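Chain A is fixed; fit chain Z onto it per the hints.
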Amino acid sequence: MSARPLALSSRIPPGLAHAGLLWPSLGIILVFMVAPIAIMLTYSFLVPGAYGGVEWTFSTGAYEQILFERDFLDDSLTFTPDYLIIVARSLLQATVATALCLVISVPTAYYIATRSERVKNIWLFLITIPYWVNLLIRTIALLFVLRDDGPINSALLDLGVIGQPLALSYNGFAISLGLIYSFLPFMVLPLYSAFERFDFRLLEAAYDLYASRRTAFFRIVLPVMRPGLIAGSLLVFIPSVGSYLAPDILGGGKTLMIGNLIGTQFQGARNWPFGAALSMILLTITLIVLLWLARRAAQQQSN
Amino acid sequence: MKKAAVFTALLASTIAGPASAAGDLFIYTWGEYTPPEMVEKFEKTYGVKVHIDTYDSMETMLAKLKSGAGGYDIIVPGHDTMTILIGEKLLEPINVAAMSNYQHVDEMWRDVFWDKGRLYSAPWAWGSTGLAVDRDIVKGDDTSLKILFEPDDAVKGKINMLRDVNDVINMALRYLGKPRCNDNPEDLKSVLDLLSTQKQFVKSYNSETKELLVSGEAAVSMSWNGYAMRARDERPSLEYIYPKEGYTGWMDNVAVPKGAPDIENAKLWINFIMDPENAAMITNYARYANGIKGSEAFVDKALAGAPELSPPESAPAPEFLTACTPAVTKLYDRVWTKLLR
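Taken in sequence, the protein lines are chains A and Z.
Per the working numbering, residue 185 is the first one in the first sequence, and the count goes up by one each step.
Per the working numbering, residue -2 is the first one in the second sequence, and the count goes up by one each step.
Only chain Z is shown next, with the shape it has when bound in the complex:
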């Protein structure tokens, strides 16, 4: 009978997904984003077993949450997705501002537009979406998006674009000097023309930018700053560029999805990651700034002055965008389909 009971329990857990046993924490986050030593420290301190599942885009995460696949205690949404999650009532209000380590959060990241007063989320890391270029091939010090959209002969066929409708179209809109989240048909027509002309020089639309840059398959690629720095470790000729026409800034936030099996453990984790020493581990591992004051003291010296973490004076400020309306999303999808048909 015991065997049968174990079997039934196994079967039940397979069907129900991650079960909520006492002492577990189920995290759903980006890949290569959570420092293993941080997880180890948390497990040792609180006796909680951490399980990590990863996604490769906000859309994947959103689709999974919307389809009712629960069982996660922690998710790490980007700031624009936060607006959607709060609007759709998919997050638990856990009052992060009242937690003991909230005092360490930089003022800049407290009263943010995507989570006023930090009722739902704590800052995890923030960064930008710019360009990584191989300076052995792209000579000079031009910081214009022209490198990407109207490339020199040396770069033709060696361009990689992120596989992300919004990032690609926003970058094109900036190059054309048009507003973002744009539903003007004429502007989108120009975007499609620009991207279609560029497509013949594009090698791939792929979000695994680091591998492409390091192997030399791509000489120019849209890239996140942290990924670009990790690529530069392996290929020193790479440079991260903050395009002069502007670029996207983003912050990933730690939040608790509605119906999380263990909210108390989730809160423990959130308070834990706002500790400066722990937040520094995020920066050391993922190579993004973390938004916690006092963490600088624990960040690797080698990272302190890295250009990927501190934009030059001449660079414009990052643009933190809100999620576009469903109508704009629909138009963007049509541009994307026409581009890739």
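Looking at chain A on its own, in the form it has when it is part of the complex:
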């Protein structure tokens, strides 16, 4: 019983003493997470002020606006797909980014994890270096690489491979590339740590027992990798859905993603409740994804 942690717990029941250790983090969660979300939720049920701000009248108008619009002429409610298209595009872009990050990261992480200790550290170091620079600056730098007079197009033009600059910037392709570039390490690092913990003798054992490569992968490698895969996918998917900079800078502001839509509601459109409602939708999407994965993980466990 030498594990009793604190002297003061001799008077306070141990459970409470441990709970006391939680207070700082609970405080931070309360002030920086619960309070802002509560404000957001409240604002989403109010009426927009004429020039920004809100008026304290209860309304579900902000949520109705996501699906319906008042007709120009007779003020009747009609269905509008505009905002759904923007939400769908955000989900699609994020899914594509996550999938491609996965494809790139699995071999990368495997390669790094199977090197010697010294080489491993060099690779991990190299992967984190770009992230010492601010995301905004990296995004603008990527734009400079991709655009018409950037190094890629200039080189290809000089070599005579192409006659016109390739449309690499200011489109959906550039946005995807930006998302992948922004969040790739969030996929590589969890996968790396999963591979690193992987006991490769298990694989040898599987082969010794006449497992095919396929079976070995699905029965041995994948279950061990799953937590890393899930963590990495979440870390890429969630910030991608709400991404603001990539569509803004690399997409040239030509197509909105949900983050940009929220931004315009607090600026040009001066509709704070709608911006708040959209933020709640984004939060809900994130929660649904998290819960779905948590349930799947639990099912896998029980199987």
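Ranges between beta-carbon positions, derived for each pair:
#1 Ser377/A / Lys186/Z: 50 to 58 Å
#2 Ala294/Z / Ile313/A: 49 to 57 Å
#3 Ser64/Z / Thr470/A: 18 to 26 Å
#4 Glu261/Z / Leu341/A: 56 to 64 Å
#5 Phe242/A / Ser64/Z: 19 to 27 Å
#6 Lys143/Z / Leu341/A: 28 to 36 Å
#7 Phe263/A / Ser212/Z: 41 to 49 Å
#8 Ser260/A / Lys335/Z: 13 to 21 Å
#9 Ser64/Z / Glu380/A: 44 to 52 Å
#10 Thr298/A / Glu147/Z: 58 to 66 Å
Covered by chain A, according to a simulated footprint, are these stretches of chain Z (three or more residues, beta-carbon under 8 Å):
#11 48 to 59
#12 158 to 165
#13 195 to 204
#14 211 to 220
Taking beta-carbon pairs under 10 Å as the criterion, some of the chain Z residues facing chain A (in silico):
#15 Lys63
#16 Ile81
#17 Leu82
#18 Glu85
#19 Ala320
#20 Trp333
Derived by calculation from the structure, the hints in this document are not laboratory data.
None of these values were measured; they are calculated from a predicted model.
Note that the Cβ used here is the ideal one computed from N, Cα and C, for glycine as well.
Relative to the frame of chain A, chain Z by itself:
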């Protein structure tokens, strides 16, 4: 204990934002707009330390003021935003007309509709929102908005629009010959059709027009006159056009937001910028006309006859618009969302 006190003070200042110490002036303005030499001169003359924060649109500024983020002594709103700020009682009445340097303000900018009798604000600079075109690519001398909205093949894919709902829709309305601040559904439908058709030829919706023009990414761009001139410095083939269908004129004004920490320093600054020699620095730096008589003598000779500062005889007069009503803003936002969805 002393350490703790310093730490607490630091913490307090981080939480409270810019604190009002004696001898400070907090300015909230557009980027690349305030001449550093002017700031230096003011600091030397009055022993006041100047701090500058910048915004990239009136909406950003308005949103920040509305959300209660105070701590600024000076803001520089456009004339249409002035109407909103005065209406919402967000400005201090500082009676600019009674200041000693007010005598230098051009009559044209005294009894303006956005601040009758100049109770709240002094003129900072004024200009126009027209078109900048690369004459190496857009040949001829056409000054029609057709260049922008129904472009020739050479220009397709090389068009940049300002990322500003009002400016873009107003320009489209002018091209269609319809009234501004328009809430007519049929007219807005035509605007959306025009902009949607144009969108396939648009490279980006971006307000950093200078960089796009200088790099050659854009051959035609909506642009403010001063920005266009600075771009021409680096790419001489650029020309600023005053569209024959009309264009927006604007004036930025120096005002004091409600609850400014140091109104006296703010007044010092406002009187200071109305001095002709100081006002000339604004023009030399930002390349916009300033509205102060007698400043011409101090303006760089190279700028004197620049086409960006003096429209040709044939150009229509700039149109100074009032802020549109919230109902129109809402309709414009729907057009914008449909355009960019």
